[in-house]
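Undergrad: This is what each chain is made of:
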Amino acid sequence: MDYTTLGLVMHTIGLVCIFLGIATIIVAGIGLFKLPDLYLRASAVGTSAGLGVASIVIGALLIDFTWLNLLKALLAVVAQLLTSTVGSMAIARAGYLNNSLPAPITHTDELLTTRGDYTGQSAETTADPEAESQ
Amino acid sequence: MIGEIVLEIALILLAVGMLLAAIRAWLGPRITDRAVAADLIFFAIIGFIALIGLRTGIEALFDIILIATLLGFMAAISMARLGLGGRR
Chain A
16 MDYTTLGLVM
26 HTIGLVCIFL
36 GIATIIVAGI
46 GLFKLPDLYL
56 RASAVGTSAG
66 LGVASIVIGA
76 LLIDFTWLNL
86 LKALLAVVAQ
96 LLTSTVGSMA
106 IARAGYLNNS
116 LPAPITHTDE
126 LLTTRGDYTG
136 QSAETTADPE
146 AESQ
Chain B
323 MIGEIVLEIA
333 LILLAVGMLL
343 AAIRAWLGPR
353 ITDRAVAADL
363 IFFAIIGFIA
373 LIGLRTGIEA
383 LFDIILIATL
393 LGFMAAISMA
403 RLGLGGRR
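Residue numbers (our numbering), protein chains in the order written: chain A, 16 to 149; chain B, 323 to 410.
So here's chain A without its partners, still in its complex pose (with noise of 0.2 Å):
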């Protein structure tokens, strides 16, 4: 590893990504605990944990750089942040027609009208807690 001027910025900048990354990996870990269903919980880790790793991802690449690990590392991250959120979201539906119920902060269902057992009520009369209790 060369230590001109120019190798040691990229260093410093890569090593900053890395720990960005790492910190957004360690929020969504939190976000695993503050955050009251399931849906909430994939959202946290299907954003923010593609986000983090496309960080890390980065940070490697800026301290480790040649040509073709630019572009390695550029179909890695835009393959992390486009199946993450999918991924995430997969295992969101999955728990929604597994009966997982949402929080009570929940206003619309519009995953409502995709249930099997689903009777034509509107999403919006049955998930509306507000609409309920008035």
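The hints are simulated quantities; they were obtained by calculation from the structure and are not laboratory data. It cannot be assumed that every hint is accurate.
With a Cα cut of at most 20 Å, we get these calculated SDA-like pairs of lysine to any residue [to be verified]:
#1 K49/A with L116/A
#2 K49/A with I353/B
#3 K87/A with A347/B
#4 K49/A with A347/B
#5 K49/A with A344/B
#6 K49/A with I345/B
#7 K49/A with P351/B
#8 K87/A with L392/B
#9 K87/A with I367/B
#10 K87/A with C32/A
#11 K49/A with A38/A
#12 K49/A with V338/B
Calculated Cβ distances over 12 Å to all of chain B for the following chain A residues [said to hold, decoys possible]:
#13 L47
#14 P119
#15 D124
All C-beta atoms, glycine included, are put in the ideal place defined by N, C-alpha and C.
Assemble chain B onto chain A, guided by the hints.
TA: Same frame as chain A, now just chain B:
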């Protein structure tokens, strides 16, 4: 070199995030909560691979990261299928 110490601190911090996800996977009331936590554990493992690869200076680091990224999607879809109990 200062970079090695910093990378070891980064590994410890990443282990903290993985530990949080492991506790949620242990506590999780339903199987899909555990699946979400396992998803986060897999992302932390990709970070581990990147950091250990930088620490030891292996050649094929970004190949491994690319394959692990694509494999993580398959793992998430498999866990979603597991949460559905085999239904679609």
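Undergrad: None of the hints should be skipped; say for each whether it holds.
TA: Each hint, compared with the structure:
1. K49/A with L116/A: It holds: about 17 Å lies between the C-alpha atoms, which stays within 20 Å.
2. K49/A with I353/B: Holds, at roughly 18 Å.
3. K87/A with A347/B: violated, 32 Å
4. K49/A with A347/B: Satisfied, since the Cα-Cα distance of roughly 14 Å is no more than 20 Å.
5. K49/A with A344/B: Answer holds: K49/A to A344/B is near 15 Å, not above 20 Å.
6. K49/A with I345/B: Satisfied, since the Cα-Cα distance of roughly 13 Å is no more than 20 Å.
7. K49/A with P351/B: holds, 15 Å
8. K87/A with L392/B: holds, 12 Å
9. K87/A with I367/B: The hint holds at about 18 Å.
10. K87/A with C32/A: holds, 18 Å
11. K49/A with A38/A: Cα-Cα ~16 Å, so holds.
12. K49/A with V338/B: holds, 16 Å
13. L47: violated, 4 Å
14. P119: holds, 16 Å
15. D124: With a cut-off of 12 Å, D124/A remains clear of chain B, as the shortest Cβ separation is near 17 Å.
Of the numbered hints stated above, those contradicted by the structure are hints 3, 13, listed in ascending order.
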